[in-house]
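Novice: So you can see what is in the structure, the chains are spelled out below.
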Amino acid sequence: MDPLRQSPSPSSSEASSPRTLSCERLGYVGIEAVLDQLKIKAMKMGFEFNIMVVGQSGLGKSTMVNTLFKSKIWKSTMPGLRVPMPQTLQLHSMTHVIEENGVKLKLTVTDTPGFGDQINNDKCWDPILGYINEQYERYLQEEILITRQRHIPDTRVHCCIYFVPPTGHCLRPLDLEFLQRLCRAVNVVPVIARADSLTIEEREAFRHRIQDDLKTHSIEVYPQKCFDEDVNDKILNSKIRERIPFAVVGADREHMVNGRCVLGRKTKWGIIEVENMAHCEFPLLRDLLIRSHLQDLKDITHNVHYENYRIIRLKESHALPRGPGWVDLAPAPSPAPGPAPTGTRASPGPAKVCRWAEDNSDEDF
Amino acid sequence: MAVAVGRPSNEELRNLSLSGHVGFDSLPDQLVNKSTSQGFCFNILCVGETGIGKSTLMDTLFNTKFESDPATHNEPGVRLKARSYELQESNVRLKLTIVDTVGFGDQINKDDSYKPIVEYIDAQFEAYLQEELKIKRSLFNYHDTRIHACLYFIAPTGHSLKSLDLVTMKKLDSKVNIIPIIAKADTIAKNELHKFKSKIMSELVSNGVQIYQFPTDEETVAEINATMSVHLPFAVVGSTEEVKIGNKMAKARQYPWGVVQVENENHCDFVKLREMLIRVNMEDLREQTHTRHYELYRRCKLEEMGFKDTDPDSKPFSLQETYEAKRNEFLGELQKKEEEMRQMFVMRVKEKEAELKEAEKELHEKFDLLKRTHQEEKKKVEDKKKELEEEVNNFQKKKAAAQLLQSQAQQSGAQQTKKDKDKKNPWLCTE
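Protein chains in written order, with full-length UniProt numbering: chain X, 1 to 365; chain R, 1 to 431.
Restricting the straight-line Cα-Cα distance to at most 20 Å, the calculated cross-link-like pairs of lysine to aspartate or glutamate (EDC-like) are: (1) K95/R to E32/X; (2) K41/X to E275/R; (3) K39/X to E223/R.
Keep in mind that the hints were calculated from the coordinates and are not lab data.
One chain only, chain X, in its complex shape:
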């Protein structure tokens, strides 16, 4: 019994491997006050959340972001306004600070106008992947400094919402290519955009076909099955996975329905209420993103995607010229076309249950 209790060695600097023993306590100590302390600290520091919306123009991305955060983050482009179509894919980021009940959230939304709009859309995902990697790079540079900041500003993309056009058939090649590449670098939540053009039955059929497509191509969207930690998580996430991709409708105008003021789209045949579960699945998306899984999104980004990026970077840094630049992406591993990058990127093995950076050392180089 005793050898178990007495931990280490005569050499005083040996830390004991924690042979933790459960102790029976005889009274209240007050350990749970640490939760309140955590909360206070977190609220004082504020939270950060970075979201990216990807999809072809006209799918309602900006409107969706406005609806999600109930504020005019973007000026949604009205059809008819002469907005010059961008020739190359550009990324726009806007940062806002929103506060609710004392909780401050620094929200950064990155839009991708011009995605998939050209005639030749080859490699249109490269700028996006480059942007994501640039954020990881920025964080890595801050982290390996000698004198670090107390709190490293987090600009990494925590969640990428991919808007699937409501064709009603199945995922297009562009969608598949994009999803395949991006799922390995960032949390992707696909949604069926402008779902008010599909009936309920069409939506279900479309959803099933998309799920089949995702499975065939082994694309793991958020919530990833391999990161379910315990039974409760599994149950909760399975429910969500059944409904992915959500069929959403975005609206930022309010209308009167039955005496209540609701967000919705007014059409000649009725008013589509955004927050009504019978009409669309926007509440599910909002709950997933904000009310229940926001912290989880950030954690997976930090513990898995960022770590994967870091492993790749650190392994190849000796091949670089001195000092990788900050904006110049040339030294950073830009994903080469074809299936090769999936080899260099960590592929979330479906057998893995715990959250840690994937073991891809065998596949590398």
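Take the given structure of chain X and dock chain R to it, following the hints.
Specialist: Chain R alone, transformed into the frame defined by chain X:
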């Protein structure tokens, strides 16, 4: 491919107003839930002389019996003993590690007493740093063993700090959060206690010892922290035995002249210590350890290894590159040394071989010599043998000849004796 990112500069963060309930006010709860499922780590280091009441105080603080054997007084040096426990309260799991200094203050020569403690603390930082610098790391489920709080037990002499205390605290103040406490405070009277406390604090200040400052920047805790800081160092009494007081059982120490109640604020500062250490500032202690003490250690260590953030041309260095370069350099050196050793080994082997060959040759020669002598001897012996045989032969011949002669002589002799006998007979008959 360069990405054109249109992004307003950081200072223009706009504050937006929400037109409805979004729901991210559940964020702190989400964060707390995540932390609860992972559990918390808290590591306390107790520094103090043997028998000053460290184990008893830990038992009292955490309301449990940690069951350790009291240490003896004849330890040859200071040794640190760490023990881990898992406590659970409602849904919070705490991995508590208590590190004891065994043998502190017992030696005759206490010059090096602080060294094992500093080494232990540095070793924990080093372990964390190694994990952080790994290529494949798992920081989020790493069991954090860095010391979050150091309780320094001051002996209740009533006069002032001992020089050992000052020296040790000075060495520890930049590495860990020090909370000084006066142990066995029931041996000091109230008025003496007040003088003792102010003497200790003034000594600490005049010697530049940085003890842990309870944070006063957060409104919710600023007030309580400020009032408590006035009472530093806390005069505590520890006890795990319960005594009936009034109609309740309370932790106390019973003396013939009265009962010292542990949780009575008039009797001692135990409640204040518990409030400060656990209920109010546990998280802050952990954060200070990580953001101040650990960062300081990391910076010193990396600078020692030769890393810089910027080179003379003020271009940012890649830490990992320099690390790789250093590592390669180191490996190159190691290889060179290995080569040297190998060559030396080969040389030695050659020498030994040569020696052995020499010895072998000598042995061969000896053997030859011996063989030759042996041969010679053998020959001599053979010769002698031959001679002897010849002699024997001769002898035999002679013997044979002699025998023949003798037998002949005998025969004739026998006849002669017969005659003689016959001759004699008549003589015998005549008698």
